[in-house]
Structures are given as C-alpha cells and as structure tokens.
Amino acid sequence: DTEVTQTPKHLVMGMTNKKSLKCEQHMGHRAMYWYKQKAKKPPELMFVYSYEKLSINESVPSRFSPECPNSSLLNLHLHALQPEDSALYLCASSQDTGFEKLFFGSGTQLSVL
Amino acid sequence: GENVEQHPSTLSVQEGDSAVIKCTYSDSASNYFPWYKQELGKRPQLIIDIRSNVGEKKDQRIAVTLNKTAKHFSLHITETQPEDSAVYFCAANFNKFYFGSGTKLNVKP
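Protein sequence lines correspond, in order, to chains A and B. Residue numbering for the first sequence follows my numbering, starting at 1267 and increasing by one per position. Residue numbering for the second sequence follows my numbering, starting at 268 and increasing by one per position.
Isolated chain A (complex conformation) (with noise of 0.2 angstroms):
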C-alpha cells in the first residue's frame, strides 16, 4: 500500500460546527504532515507529527487541532472555523522525519459557511 487516504473528501461546515478531518497511511512512514492549500497556492504548512508527537506547530490557530492516535493515522479537529479557512486540507506522510520524499493524501475540500 503506497497510497496517502483521507476522508472526507469534502467537507461543508458551520462556523459553530465541529468536525474532523482524518488521514491514514500504511507505509510505515514516521512522519505526518497537514497542509492548506488555498486555491492557485502552494500548500502551506501546518502541522508536523514526528514518531506521533507534535514537532511543528506553524503558529495554526487553536481552532484547528491535530492529534496522532498511532503511527498510522492523523486527524485534525475542526471548531468554530471562519469562512477564511475554506481550502484544500492535505495530510502527507514521509519515512523519516526530514521533509523528504512527502507523499500527499488527495486532500478533503473544506467549505466553511
């Protein structure tokens, strides 16, 4: 299994809503990654997990809420978005943890109303 999955693949919400984003990768990789991507843009990052603990935190607002339950899976905890943070979410996993060789799941489309 070479492949990066995320769900939902896309995603409306509320501003007063909460909700989850997931991803699983079963490759073994050591380290996940969350980027936005905002359309036209290069994705930008968010969040770095390292062996499922936190190691990057690019000043995201609280509002978003990463948690590594095990080494296969990632999920980011969506509450009280703003309609700014509609974008392309894409999680990325790689085998160690030095920000080579990202391989990127197909990423949940998030409207925010």
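Read the hints as simulated data drawn from the structure, not as lab findings. Heads up, a few of these hints could be off.
[Said to hold, decoys possible] With a cut-off of at most 20 angstroms between alpha-carbon atoms, the simulated SDA-like pairs for lysine to any residue come out as follows: (1) K1285(A) to E1350(A); (2) K363(B) to Q1361(A); (3) K1288(A) to K309(B); (4) K289(B) to P376(B); (5) K309(B) to L1311(A).
Keep in mind the model is a prediction, meaning the values are calculated, not measured.
Position chain B against the provided structure of chain A, taking the given hints into account.
Using the frame of chain A, we list chain B on its own:
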C-alpha cells in the same frame, strides 16, 4: 527561513516541445530539492527529486539539474504531451519544506 522563487508562473508550449521551469533558493544549507506535479483538483505528486551532492537526475522525459554555486535548480520536460498540463511546484528543504509559488504548464495539442 528559506526563500524559494519559481519562474515562470505560466508556461504554454506546443505538444512535442520542451518545457523548462526554474527555481532559486536562498539558504545554502538546503540539501534536497523535489518537484511536484498537481493536476486540477488532485493531490501534489512527487515526480522527481535531487539531492545536493548530485548535479543532474533523469527519469524518462523528465530531468532536474542543480547548480549549488548559483543556488538554482530546474525541471526539464522533453517531448511534452497534453497530459503534462498541470501546476508544477519546486521545493527546497532546510528544516522544513519551502515550496515555490508554482508554474501552470499548458501543453497545446
């Protein structure tokens, strides 16, 4: 932090022609340079990468060259095909990934 500049922002070529996309980086400690292809509505896919101890790498119609002295690296696509149409991102790593701003490549049949 690292700064990666990518040019051009858009590139239109005729099918069968070559395409070249260039990136420059600022931090000489960067040691890994990948290229990602992203089709509309899809995930970024790693198409080729190069490490700082190598000057050139080829994979069929795709090649990447790296000039460490000048701190720039380039993606070369030969014999372009319509399915090469996509947005291409370069990146450099120094503690973390820094992406270029992207190049939208359009290959006209």
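Here is what the structure says about each hint:
no.: 1; hint: K1285(A) to E1350(A); result: holds (16 angstroms)
no.: 2; hint: K363(B) to Q1361(A); result: holds (14 angstroms)
no.: 3; hint: K1288(A) to K309(B); result: holds (17 angstroms)
no.: 4; hint: K289(B) to P376(B); result: violated (24 angstroms)
no.: 5; hint: K309(B) to L1311(A); result: holds (18 angstroms)
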